[in-house]
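Top line first, the protein sequences correspond to chains A and B. Heads up: the first sequence at position 249 corresponds to 250 in the numbering used here, and the numbers run straight through without jumps. Heads up: the second sequence at position 86 corresponds to 386 in the numbering used here, and the numbers run straight through without jumps.
Source of the hints: derived by calculation from the structure; they are not laboratory data. Backbone N, C-alpha and C fix where the C-beta goes; we use that ideal spot for every residue, glycine too.
A few chain A residues that don't get close to chain B, going by computed Cβ distances all over 10 Å:
| id | residue |
| --- | --- |
| 1 | 52 |
| 2 | 276 |
| 3 | 279 |
Cut-off 30 Å, straight-line C-alpha distance, at most; resulting in silico cross-link-like pairs (DSBU-like, lysine-lysine):
| id | chain 1 | residue 1 | chain 2 | residue 2 |
| --- | --- | --- | --- | --- |
| 4 | A | 374 | A | 261 |
| 5 | A | 231 | B | 339 |
| 6 | B | 470 | A | 374 |
| 7 | A | 237 | B | 339 |
Covered stretches of chain A (in silico footprint by chain B; criterion: 3 or more residues with CB under 8 Å from a CB of chain B, positions within the stretch not fixed):
| id | stretch |
| --- | --- |
| 8 | 23 to 30 |
| 9 | 37 to 44 |
| 10 | 229 to 236 |
| 11 | 280 to 286 |
| 12 | 362 to 372 |
As a plain string of letters, each chain reads:
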Amino acid sequence: RGAEAAFMLPAVCARRLMAEIQGALDACSERQRQLERSLRVSRRLLRAWEPAGTPIPEPPPGSETKEEDPAPACAQSLQDLKELELLTQALEKAVRVRKGMSSARQRDRTPSLTSASTVATAGSTASAPSQASRQAGNRASARPTKGTHQAMDPAKNLPAHKLLSVRSKTPVGAGAGTTKHEPGLRDQQTTAPSAPPRTTEAFTLKEKGLWAQLSSMQTSDSTDATRAAKAQFLQKLQMVSGSSRPSAAEIEAEARSLRKACALLRLRMQEELSVAPADWMEEYRCLLTLEGLQAIVEQCLHRLQELQAAVMGGLPEPCAAGKATQASLPCGSKADLSWSPQLLLYSSTQELQTLATLKLRVAMLEQQIHLEKVLMAELLPLIRTWEPQGAPWLALCRAAYSLLCQGGERFLTILRDDPAD
Amino acid sequence: MGRRRRREDRAAGALPEAIAALSRSLPAGPSPEIFRRAKFDRPEAAPALWQLLFRVLSPLATDKTGATLVPEFQVRLVKSVLRSQGYPRSVLAQRSEGNSQSSRELLLALSWLLARGPLLEQLLAQSRVQLGDQVSLFESVVLARPGPPASCMEIEGPVDLHQVQWLMGKLRIRWRQLLSSQQEHCSLLSKIHLYTCGSHSHQRFSHLSVAETEMLRDPDNTQQLLQALECENVRLEAALEWRRCELVFWQWMDTVLGACTPGAPAVPSQPLTLPVIPERGLGELELVAWELQALQEELQEAAEPRRAAWEAQVSSLGRGPEWITARKTLQETVEQELTALQRSWEQSGGPPQLQRPHRLVRSKDGTPGPQDLQAAEMIRMLRTQEASLDGSLRQLQDQCQQELARLAGTLPGLIWILAPGH
Numbered sequence: 002r003g004a005e006a007a008f009m010l011p012a013v014c015a016r017r018l019m020a021e022i023q024g025a026l027d028a029c030s031e032r033q034r035q036l037e038r039s040l041r042v043s044r045r046l047l048r049a050w051e052p053a054g055t056p057i058p059e060p061p062p063g064s065e066t067k068e069e070d071p072a073p074a075c076a077q078s079l080q081d082l083k084e085l086e087l088l089t090q091a092l093e094k095a096v097r098v099r100k101g102m103s104s105a106r107q108r109d110r111t112p113s114l115t116s117a118s119t120v121a122t123a124g125s126t127a128s129a130p131s132q133a134s135r136q137a138g139n140r141a142s143a144r145p146t147k148g149t150h151q152a153m154d155p156a157k158n159l160p161a162h163k164l165l166s167v168r169s170k171t172p173v174g175a176g177a178g179t180t181k182h183e184p185g186l187r188d189q190q191t192t193a194p195s196a197p198p199r200t201t202e203a204f205t206l207k208e209k210g211l212w213a214q215l216s217s218m219q220t221s222d223s224t225d226a227t228r229a230a231k232a233q234f235l236q237k238l239q240m241v242s243g244s245s246r247p248s249a250a251e252i253e254a255e256a257r258s259l260r261k262a263c264a265l266l267r268l269r270m271q272e273e274l275s276v277a278p279a280d281w282m283e284e285y286r287c288l289l290t291l292e293g294l295q296a297i298v299e300q301c302l303h304r305l306q307e308l309q310a311a312v313m314g315g316l317p318e319p320c321a322a323g324k325a326t327q328a329s330l331p332c333g334s335k336a337d338l339s340w341s342p343q344l345l346l347y348s349s350t351q352e353l354q355t356l357a358t359l360k361l362r363v364a365m366l367e368q369q370i371h372l373e374k375v376l377m378a379e380l381l382p383l384i385r386t387w388e389p390q391g392a393p394w395l396a397l398c399r400a401a402y403s404l405l406c407q408g409g410e411r412f413l414t415i416l417r418d419d420p421a422d
Numbered sequence: 301m302g303r304r305r306r307r308e309d310r311a312a313g314a315l316p317e318a319i320a321a322l323s324r325s326l327p328a329g330p331s332p333e334i335f336r337r338a339k340f341d342r343p344e345a346a347p348a349l350w351q352l353l354f355r356v357l358s359p360l361a362t363d364k365t366g367a368t369l370v371p372e373f374q375v376r377l378v379k380s381v382l383r384s385q386g387y388p389r390s391v392l393a394q395r396s397e398g399n400s401q402s403s404r405e406l407l408l409a410l411s412w413l414l415a416r417g418p419l420l421e422q423l424l425a426q427s428r429v430q431l432g433d434q435v436s437l438f439e440s441v442v443l444a445r446p447g448p449p450a451s452c453m454e455i456e457g458p459v460d461l462h463q464v465q466w467l468m469g470k471l472r473i474r475w476r477q478l479l480s481s482q483q484e485h486c487s488l489l490s491k492i493h494l495y496t497c498g499s500h501s502h503q504r505f506s507h508l509s510v511a512e513t514e515m516l517r518d519p520d521n522t523q524q525l526l527q528a529l530e531c532e533n534v535r536l537e538a539a540l541e542w543r544r545c546e547l548v549f550w551q552w553m554d555t556v557l558g559a560c561t562p563g564a565p566a567v568p569s570q571p572l573t574l575p576v577i578p579e580r581g582l583g584e585l586e587l588v589a590w591e592l593q594a595l596q597e598e599l600q601e602a603a604e605p606r607r608a609a610w611e612a613q614v615s616s617l618g619r620g621p622e623w624i625t626a627r628k629t630l631q632e633t634v635e636q637e638l639t640a641l642q643r644s645w646e647q648s649g650g651p652p653q654l655q656r657p658h659r660l661v662r663s664k665d666g667t668p669g670p671q672d673l674q675a676a677e678m679i680r681m682l683r684t685q686e687a688s689l690d691g692s693l694r695q696l697q698d699q700c701q702q703e704l705a706r707l708a709g710t711l712p713g714l715i716w717i718l719a720p721g722h
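With these hints in hand, go ahead and build the complete structure from the sequences.
Following this line, the structure appears as structure tokens:
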């Protein structure tokens, strides 16, 4: 009983442990920052279609027959949105009843919106009016279907126009009415916004040629003379510079590979041990496999010792920034230069969310496994060597159990079995 | 005589042109004059080359970071990354002076990087202007730490274990937050794709990405984007030119190497500033060693008694010819299986197809192209991966539980009550 004593981790152990955990926390924060940046951008863009205060639940596109059930995680928010929509509709009805005039005006605007939507041509971009009142009144009809297009603020069209004339030297592809500069607002709306994607397409078409050239140059490889000259240079540099040791990048790659090996070997061992052999042949086969696995583990350990020796000799200096670089500059032979974008096709919001969630969960599990191993390596030896008496040891055991066996989520209780009671 | 002179002149002109092309294709590429001075180890050439190497080696460096970061940090980072990439020359690492030295060494380091692999192409691919919503399936959140150590805690002395528990709890909360932000992001992306349906003229999809939508909304953004594309085109053209005429550069680098003083130490002496305490690099190996040793013990425990039992009864089985052939076949089969097993972890992780970023596209029934991926397939794959990782984690946790039970069992007079629901 009494206050639980604290267990103090020795300094060296603490430093390593804290560094690992802090690294994990930093990685998460960085990811969160990036996500929030993207969220801000997306929210800002969506405000044009969904002005603040009147959030529209996801609009079904024209050809979509039925929207799937939302994932449980966002069911709550969708529920809220639906309720909010009902409430807003009720309020609007009340408003309409009281202000007959304004509703008539709103109804007048509806035909213009739908006629704008019929102007829709394949490939051109137009924008729907984004004014709040119109939006509120016509939400039912303004629900964006596949054919509806959204108009930009007329004021913004003008610079786009200028863009078109300035860039006229670039081969603008045949688009919907790119040369029509008539004063009608609707025409402006349909033609001008197509300028930026067209000019970008023009640039990207030129780029496509360049990337393709660079890529083919890579695959056909440079001339023999160049390759030879480079190889010779590398060799000479190596020779005059002294002994080489494996780089930290290589060591890490080997460590990863050995880790994979360990997992696969263990799996194989468990498979063998889980089946009771039926006859002497199977028994023999099982024995041979186990001994074979032993031999491989020996080899791995031997390789590991070599790597450890190399590290001790040179001590490649670790650096947080260096880590990130290694990931991005793989010492491969080819870089990926394919121009045509490879697509990842998804068919519904839920599918996209599931995909993203799974991706995160896999990363999370990998991190958890790594931390688990680090904790095991730091805490278990302490428990083994610590004097098993007194409150601190109990505190250690309790914390270790929670961290190692329950992912830090649950705790166990220790009671003293006092014969005096 | 005259012909040779003309050839030499042509050759003399080809080198600066090649170097100029190289420079144009690199971020922060210095002038050919800098390269020439570096050959003679002139100090004024050093800062530009440090800057260049920093930009090349640090994926997070942009035009702005270069200016704001202290030069010492640039120097340290360049040295550190070169070391970790296995750069054989230790001269650079040993010199602890500031960044006004070693321009020739920097030139050699740059050439080493260029000769080893397609550095230019990799840099270009990395900094590519992407208009789509890019998704990459195998980004690892675990090991990627941000650039300069933002939260570099100096831990002195012992630490309360409670703090560790608290930090782990904090980590769990951060993950939950990430998951929910991610959900929201997906729903917003999906809406944008839906709202912009019909606005894109691509043959296989018709909606815009976030970047493209932004472009439409904001013409200034468009200008920026077009400028970025123009810059990229300039670099691409320069890279192509470099690939055509780089031979003359390598011939020249041979002379640079020759100009180095032959007094470079054959045995690298102790590097100057290194922590004695083994950090991550050694830690990884230790972890694997520990795992492998545990596995070795288990295998020994399993195999030894079986071998003993086998030896005891093998004599009673006779030594007929079928017996010998049967043994031989079994040996060969097992050998083949184990070799295959060994090969399976020597392969690099994940098919390269999946490592490239893909453009996220909403498509109801579109026929996927040859290099396209479909979300449903990816989900299946990720689910399998998740299940396997979950299994590994549980296995580790079980191992710990057994070990702790064993250790705690040595202490009588205590009752351990496990958490409910376990």
